[in-house]
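Listed in order, the protein sequences are those of chains A and B.
If you're matching positions, the first sequence starts at 0 in numbering that gives the first Met the number 0 and goes up one per residue.
If you're matching positions, the second sequence starts at 0 in numbering that gives the first Met the number 0 and goes up one per residue.
Just so you know, these hints were derived from the structure itself, not from any lab.
Mixed in with the good hints there might be a few duds.
So these bits of chain A aren't anywhere near chain B, every CB distance computed over 12 Å [stated by the list, open to error]:
(1) 30
(2) 40
(3) 41
(4) 44
(5) 50
(6) 53
(7) 58
(8) 81
(9) 88
(10) 169
The following label-pair restraints were derived from C-beta to C-beta distances [stated by the list, open to error]:
(11) A:67 <-> B:207: 28 to 38 Å
(12) B:195 <-> A:181: 15 to 25 Å
(13) B:102 <-> A:40: 21 to 31 Å
(14) B:157 <-> A:90: 37 to 47 Å
(15) A:73 <-> B:157: 12 to 22 Å
All C-beta atoms, glycine included, are put in the ideal place defined by N, C-alpha and C.
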Amino acid sequence: MNRKDEGQMKGPNGAPESTGVDCATARDAVPLLDFPSDLELPRPALLAHFDECEPCAEELLFVRSLRAGAPVLRPGFADGVLRRLEQEASGPASAPSVQPKLVVERRPKLSRAGWGLSAAALLILALGIGSLWQGSAPPSVESLVASLLDGAEVEPREQWLVAGAPHLDALPDELLYTLLQDIDS
Amino acid sequence: MPEPPASDAGQGIKRAFNDPGRLAINSPERHRTMEFGQTAHSDEVLVGQALNGDGAAVELLVRRHEGVVFRFLLGILGDPDQAADCAQDTFVRALSSLASFRGDSAFRTWLLAIARNEARGALRKSGRRRESSMDDAPPIEDPTADPERSAIRATEVARVRKAMERLPEKQRLSVALRIFDGLSFREVAEATDSTEGAARVNYHHGIRRLREWLNEQEG
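Assemble the whole structure, with the sequences as input and the hints as a guide.
Here it is as structure tokens:
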């Protein structure tokens, strides 16, 4: 680890900002660094950030250690698929071709209630920011979500901030961003 | 994506598999074409070639995406054998109906949507939610590792997999699709039927929990 001079600008989480890359962007990019993916920022800038920022470098090492456990298919899988295709193709000509009605599912457009929910979320966020300006304590994430869900009882964060929790997909990006900051902190 | 002639659209795959010269598995000609394809061709080009009856393009599409489809299905089904069978069904279904792929999304995204439907069908058929673990799935082999190191690594792999098993499905899928196959948040969202923001939260929350759990075990 190359920890450079102590007096430089520090970003959130104590990360250096001299590379022009913030920690959130770097951590988003961690799993993509080893793939030929399109990255949000130039690869050298990201690598420079990992060289200077210890917490982000640790996350990079952690993700690489997880990747070592990637499950792989049994050998010969592709040949099995090709054989099945071959068998199907050489089947009786009268057999109906497989034409499933499979298309990539499109996300449904927001219903009126959905728009209302989003508007309510924005309003709540605006009120939250407003209360910050007035010096009072900002509402908790839980209370924001509770308001958003029209008073529904909200479980502790560890319970509902999980995939599959019914609320997460319904939350607007602004609130999800708040949650991300919460995870990073 | 290049559009094949209308008359060829539904027949290309069949023609590829009815022409022994084009399909013979392990034929040198097929592999030469494949090697060329591996360095030069995008999925969209390969789809066009497959629709025109190119068996090598079909094989390359399978080999290129078999891993991500298998791991995605394993994340849903939990059983390596069932995931492999379901992956095979996914490819057969997708390649048999390749003409219906319009290129509105990436080919990989389209494939994962089909895989998700296949997994749902498999779960419905077996009348259960996932209950077994990923422990039986083999890890990536490292031919250079000595036996002692391999044993240590196998223990580590098992530990990681147990931890991933504890994550809720969408977190597990978000983490797996990102770290094993390098999918963007947008692709993860489409594969898991989430929003992009939710996919990002699921990924970061999943990673944080994995770190906590694995650090606890070490401590």
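Hints, one by one, checked against the model:
no. : hint                        : in the structure
1   : 30                          : 4 Å, violated
2   : 40                          : 14 Å, holds
3   : 41                          : 17 Å, holds
4   : 44                          : 19 Å, holds
5   : 50                          : 21 Å, holds
6   : 53                          : 14 Å, holds
7   : 58                          : 7 Å, violated
8   : 81                          : 6 Å, violated
9   : 88                          : 4 Å, violated
10  : 169                         : 9 Å, violated
11  : A:67 <-> B:207: 28 to 38 Å  : 19 Å, violated
12  : B:195 <-> A:181: 15 to 25 Å : 18 Å, holds
13  : B:102 <-> A:40: 21 to 31 Å  : 28 Å, holds
14  : B:157 <-> A:90: 37 to 47 Å  : 43 Å, holds
15  : A:73 <-> B:157: 12 to 22 Å  : 19 Å, holds
In summary, the numbered hints that this structure violates are 1, 7, 8, 9, 10 and 11.
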